[in-house]
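*Asks:* What follows is each chain in one-letter form.
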Amino acid sequence: MNETAYSVAASVMRYLFVVLLAFVIFGAIARSVLEGRRLRAARRVAGLSIRALEILAPERYKGKWFPLCEDTYIGSAEDCDVPLPHTDLRDEHARIFCRHGDAVLQTRQRRFCEVNGAKPARRTALSDGDVVWMQDVCFACRKRMPGAPEVPDEQD
Amino acid sequence: MNTSRNMKSLLVAFILLFALLASYLVYVVDLYGDYWFASPYNTRVTTQKSRVVAGDVRDRNGTLLASSDADGARVYPNDKTLCLAVAHILGDNGGQTLGAQARFARYLLGFDAQLDARLEELLSGEKRRGSDVYLSIDAKLCEYAYERLDGGRGAIVVMNYKTGEILASTAAPSFDLSKMDRFASGEYTPEEGSLVNRVTMGRYTPGSTFKLVTAIAALRYLPNATERTFRCTGCLAFDEKTGKLVGDASKALDEDGGARDGYALLRDFDGEVHGEVTLEEAFAVSCNNAFAQIALELGAGKIKAVAEELGLGGEFVFNEIIAYSGSYDGGDTDFELAWSGVGQHTDIMTPMHMCLITCAVANGGVAMEPKLLYETASPGEGARGALASEAYKTLLKGNEADFLKKCMRLTVEDGTGKKAQIEGYTVCGKTGTAEVSARADVTPHAWFTGFIDDAEHPYAICVVIENGGGGGAVAAPVAASVLEKAIELLD
Amino acid sequence: MNRIRHVSVASVLCAVLVFIAACFILLAFSGGRFDGAALLFGLLLCLLIIAEYISLLWIAPHADRILFILIAFLTSLGMAVQYRMGAESALHQLLMALIGGAALCVAAAVMKRPAILRVMSIPFALTSLLILVALLFVGKESGGARNWISVGGFLFQPSEFVKVALIAVLAGAMTRGLTVKKLIPAILFTLGVAALLVLQRDLGAAMLVAGVFLILFYAATGKLGATFLGLAAGGAGAYAGYLAFDHVKARVGAWLDPWATYSTSGYQIAQGLMAIASGGLWGEGLGLGSPGLIPAYRTDYVFAVICEEFGIVFGIGVIAVYALVVVRGVMIALASEDRFSSLCAFGCASLVAVQTFIIIGGVIKLIPLTGITMPFVSYGGSSLIAFMTVVGILQGVAARNGAELEKKLREAAP
Numbered sequence: 001m002n003e004t005a006y007s008v009a010a011s012v013m014r015y016l017f018v019v020l021l022a023f024v025i026f027g028a029i030a031r032s033v034l035e036g037r038r039l040r041a042a043r044r045v046a047g048l049s050i051r052a053l054e055i056l057a058p059e060r061y062k063g064k065w066f067p068l069c070e071d072t073y074i075g076s077a078e079d080c081d082v083p084l085p086h087t088d089l090r091d092e093h094a095r096i097f098c099r100h101g102d103a104v105l106q107t108r109q110r111r112f113c114e115v116n117g118a119k120p121a122r123r124t125a126l127s128d129g130d131v132v133w134m135q136d137v138c139f140a141c142r143k144r145m146p147g148a149p150e151v152p153d154e155q156d
Numbered sequence: 001m002n003t004s005r006n007m008k009s010l011l012v013a014f015i016l017l018f019a020l021l022a023s024y025l026v027y028v029v030d031l032y033g034d035y036w037f038a039s040p041y042n043t044r045v046t047t048q049k050s051r052v053v054a055g056d057v058r059d060r061n062g063t064l065l066a067s068s069d070a071d072g073a074r075v076y077p078n079d080k081t082l083c084l085a086v087a088h089i090l091g092d093n094g095g096q097t098l099g100a101q102a103r104f105a106r107y108l109l110g111f112d113a114q115l116d117a118r119l120e121e122l123l124s125g126e127k128r129r130g131s132d133v134y135l136s137i138d139a140k141l142c143e144y145a146y147e148r149l150d151g152g153r154g155a156i157v158v159m160n161y162k163t164g165e166i167l168a169s170t171a172a173p174s175f176d177l178s179k180m181d182r183f184a185s186g187e188y189t190p191e192e193g194s195l196v197n198r199v200t201m202g203r204y205t206p207g208s209t210f211k212l213v214t215a216i217a218a219l220r221y222l223p224n225a226t227e228r229t230f231r232c233t234g235c236l237a238f239d240e241k242t243g244k245l246v247g248d249a250s251k252a253l254d255e256d257g258g259a260r261d262g263y264a265l266l267r268d269f270d271g272e273v274h275g276e277v278t279l280e281e282a283f284a285v286s287c288n289n290a291f292a293q294i295a296l297e298l299g300a301g302k303i304k305a306v307a308e309e310l311g312l313g314g315e316f317v318f319n320e321i322i323a324y325s326g327s328y329d330g331g332d333t334d335f336e337l338a339w340s341g342v343g344q345h346t347d348i349m350t351p352m353h354m355c356l357i358t359c360a361v362a363n364g365g366v367a368m369e370p371k372l373l374y375e376t377a378s379p380g381e382g383a384r385g386a387l388a389s390e391a392y393k394t395l396l397k398g399n400e401a402d403f404l405k406k407c408m409r410l411t412v413e414d415g416t417g418k419k420a421q422i423e424g425y426t427v428c429g430k431t432g433t434a435e436v437s438a439r440a441d442v443t444p445h446a447w448f449t450g451f452i453d454d455a456e457h458p459y460a461i462c463v464v465i466e467n468g469g470g471g472g473a474v475a476a477p478v479a480a481s482v483l484e485k486a487i488e489l490l491d
Numbered sequence: 001m002n003r004i005r006h007v008s009v010a011s012v013l014c015a016v017l018v019f020i021a022a023c024f025i026l027l028a029f030s031g032g033r034f035d036g037a038a039l040l041f042g043l044l045l046c047l048l049i050i051a052e053y054i055s056l057l058w059i060a061p062h063a064d065r066i067l068f069i070l071i072a073f074l075t076s077l078g079m080a081v082q083y084r085m086g087a088e089s090a091l092h093q094l095l096m097a098l099i100g101g102a103a104l105c106v107a108a109a110v111m112k113r114p115a116i117l118r119v120m121s122i123p124f125a126l127t128s129l130l131i132l133v134a135l136l137f138v139g140k141e142s143g144g145a146r147n148w149i150s151v152g153g154f155l156f157q158p159s160e161f162v163k164v165a166l167i168a169v170l171a172g173a174m175t176r177g178l179t180v181k182k183l184i185p186a187i188l189f190t191l192g193v194a195a196l197l198v199l200q201r202d203l204g205a206a207m208l209v210a211g212v213f214l215i216l217f218y219a220a221t222g223k224l225g226a227t228f229l230g231l232a233a234g235g236a237g238a239y240a241g242y243l244a245f246d247h248v249k250a251r252v253g254a255w256l257d258p259w260a261t262y263s264t265s266g267y268q269i270a271q272g273l274m275a276i277a278s279g280g281l282w283g284e285g286l287g288l289g290s291p292g293l294i295p296a297y298r299t300d301y302v303f304a305v306i307c308e309e310f311g312i313v314f315g316i317g318v319i320a321v322y323a324l325v326v327v328r329g330v331m332i333a334l335a336s337e338d339r340f341s342s343l344c345a346f347g348c349a350s351l352v353a354v355q356t357f358i359i360i361g362g363v364i365k366l367i368p369l370t371g372i373t374m375p376f377v378s379y380g381g382s383s384l385i386a387f388m389t390v391v392g393i394l395q396g397v398a399a400r401n402g403a404e405l406e407k408k409l410r411e412a413a414p
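Protein chains in written order, with this note's numbering: chain A, 1 to 156; chain B, 1 to 491; chain C, 1 to 414.
Honestly, I wouldn't trust all of these hints.
Said to hold, decoys possible - 25 Å max Cα-Cα, derived DSS-like pairs, lysine-lysine:
(1) B:Lys8 / C:Lys249
(2) B:Lys406 / B:Lys162
(3) A:Lys143 / C:Lys112
(4) B:Lys8 / B:Lys127
(5) C:Lys181 / B:Lys405
(6) B:Lys140 / B:Lys49
(7) C:Lys223 / C:Lys407
(8) B:Lys8 / B:Lys162
(9) B:Lys179 / B:Lys162
(10) C:Lys408 / A:Lys64
(11) A:Lys62 / A:Lys143
(12) B:Lys304 / B:Lys179
(13) C:Lys407 / A:Lys64
(14) C:Lys112 / C:Lys407
(15) C:Lys182 / A:Lys143
(16) B:Lys302 / B:Lys405
(17) B:Lys251 / B:Lys304
(18) B:Lys162 / B:Lys302
The set of hints was computed from the structure by calculation and includes no laboratory data.
Bear in mind that the values here come from a model prediction, so they are computed numbers and not experimental data.
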């Protein structure tokens, strides 16, 4: 390739290189931010006092366990984190999220909702052993999932 | 033991360091980039010359000043006087003199070429052409100014004080541009000292034009400077050995009026005695006596401070030209201080620096940066305006500039600068007669620096004629005729 | 939720690979003839990066992917620029990158059990001092500094590795005790290393060592007063060096006005500045500049070559990449719960930060020039391998952080 043709090609490529570098930089920043958020969420979950829900009622779901994540949606819709179709719950009936190391229950449907026998506030912090009634669903808050006492060291 | 917090603050420090790095890079390349690129040591420029046909250099009206012929060699106009007049400002093509051709190599050699120009070169198979450069000077004005120097040595510069454009810059003795390609081999030896651009690099004793600086110092540091009067007795006497001022000057004079043994005198031009004068009057008649008293009253420190604020002793960093600044040293004794106040002793000024100060006076205290580039035109594209006026520095306060304008107006109206008057326009200025030797047979340098006080014709000028004689007698009429020509040509 | 789902970085990794492809395809056509070796080189480089990515994630599942990609970019940029200036040196660099990649994996594996490194503090310290002393006698001189050793035909610079060992030693010392009294052995060690480096006329490395020490000191103890005292002492030492050594005087003079000393010490800086100015905003284009005019254009002055051919906008981008590397490194340090790992990681991040600042600052005339390399980009096996090891340490700590977090998540929800 003669000199001028190369010169033209190199001139065009200059802009391509800058574009690629910009893509790398902003891509890295965007992913860093996203990764940071996920890690923070994971840390929040790891620090929760309760990590699981054990369903006590209705009969069809009794004994089922669900782990909690950073923002757990409970409802009758299939895509909820705690899906309980064929109950009286709405699609997205309530959510349990992390706040300062506590798992906090938030629901708009407080009329038929009870936490440990009492009417809950807009947001209620849950602890180990708390029993929650929502419509016809009842579940208990647990510290850990069944079968989880001592996890073997994964690094061996 | 809050390691987390410490690390976070250190992280902030790191980010700031990197930000500093990036911004310094941008800042320094923006400020010095062209200067580094145009450095005579930059061989990239030389290698590019073999790849690209250099563009034309023209003046603001399009008059051709330099172009490349079919073989790529540089050709200059046939008009010999024109070539000599613009030789310094244009500069040679080999980097020996740092004129426009070296400075704007970036445009002339197509370093700023867009992609389509390179593409065109590829398709046409011909050598690429650089951009054409239009300078802000008016070639005819330069030629006229050069002719007015009439074979003597000296420098003339005309600037637009509102925009900073250099309208004319010429220096003599000059050199032959067309022969400069044979300079390196030694075949062509220009006249000694002719390669120096006396406008920007000619370091001359300023003589009475330096009183501008002293006057500014008086305005700033002497209380009531505009109203009080000074007593000019025609002669100040100093003890020859110690340099101290002698109170009674009559002791130092002998019968003929010369200096007695053991005494040194400071006199006015032609032994004139001015009596009681205000600062304005002293300026207009260029009274050495009064200004020497002012200098002695201020002291070297204050004058030096003002000089530094005006740029003396410092370094000019202009984008488009290289110019040396003047220098000032107050001396150690009263005698030296007194003479330094009237522009003698070791005072040095360049015509460009003097013109810059004059421009500041004319422009309300703000000196605009000297600009030489008017337009560029890439091949295939039309002309692109490249003139970007910017203020260089505010040298004076508004009221100081106004007062000095008054002084300079009086100088031309009724003082030493009468010969600089132009019909129909108000010319303001300051003359200077700089003694350069104690020998009687060596004539002083003639200086004139001034401007036209008119918004339609904002032209400032500085004229230096080496060994020309009296500033008012020799330099002022030259300045008047050049300014008249400028009005004629630039309308 | 019992797993950490990492963000997908595939697209950014692809961008880096496209960058490599673009560079080497272009380079294949430079110089008139078609150079197939360039394409092969580019392909090898891409394969190396992919292989390294896979190995790293296998050894250290929660390693920092973003950090990896940034380092891959810098190393590839270095390769492209080296290839442009001479294929043989680029091949040598590739070989060193291979070794460096292995070193990275080893370091990552080691840092998953930081206790190993911590135990090695004293042996590391002694070995470093021994090597530096040995260099005084056995070392070969190159470029004014006597810090090269020739082993089996390969020239390498032990001082680069001493810097890494120093981080481990200092981190270990600062984990044990935080009062100035308890840290006296560490201070003495640092002073010893710095003094030996100064004796070898490797002033840049000495400055670096002092800087990293002060940074780690402040990070660990938070004693602002003592840190400033140390800074002042360092400044005094630098000034003493200025007075004592002529070549320091020459360096400072060249920094203040390279054009005045153009024929001697200012030449390098002046050429570098002219190169940077010639590139302008977007650069001349890869292969179109004249890097050969700048002394040390492969090593210390690569940044000037990058600015000349890729442009200043690209140069600022490179500075941004280094800044991101440092940020990721500090994030890794902050996320670590183990004090030793945290300090190690932070020391590594600081090393990159300070070294990058010193060399780029020297090239753009912000500070006087010192003879140190630009991490990952400069030609130089020892430098590349040492910095890969540094990155390996960071990845190891990151992996450990991730593993610990996942363990906690799994504890309650397997």
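*Asks:* Each of the hints needs a verdict: does it hold here or not?
*Replies:* A quick look at each hint next to the structure:
no., hint, in the structure
1, B:Lys8 / C:Lys249, "violated (36 Å)"
2, B:Lys406 / B:Lys162, "holds (19 Å)"
3, A:Lys143 / C:Lys112, "violated (29 Å)"
4, B:Lys8 / B:Lys127, "violated (57 Å)"
5, C:Lys181 / B:Lys405, "violated (71 Å)"
6, B:Lys140 / B:Lys49, "violated (29 Å)"
7, C:Lys223 / C:Lys407, "violated (35 Å)"
8, B:Lys8 / B:Lys162, "violated (51 Å)"
9, B:Lys179 / B:Lys162, "violated (37 Å)"
10, C:Lys408 / A:Lys64, "holds (22 Å)"
11, A:Lys62 / A:Lys143, "holds (18 Å)"
12, B:Lys304 / B:Lys179, "violated (44 Å)"
13, C:Lys407 / A:Lys64, "holds (24 Å)"
14, C:Lys112 / C:Lys407, "holds (14 Å)"
15, C:Lys182 / A:Lys143, "violated (43 Å)"
16, B:Lys302 / B:Lys405, "holds (22 Å)"
17, B:Lys251 / B:Lys304, "violated (32 Å)"
18, B:Lys162 / B:Lys302, "violated (29 Å)"
This entry does not satisfy hints 1, 3, 4, 5, 6, 7, 8, 9, 12, 15, 17 and 18, going by the numbered hints stated previously.
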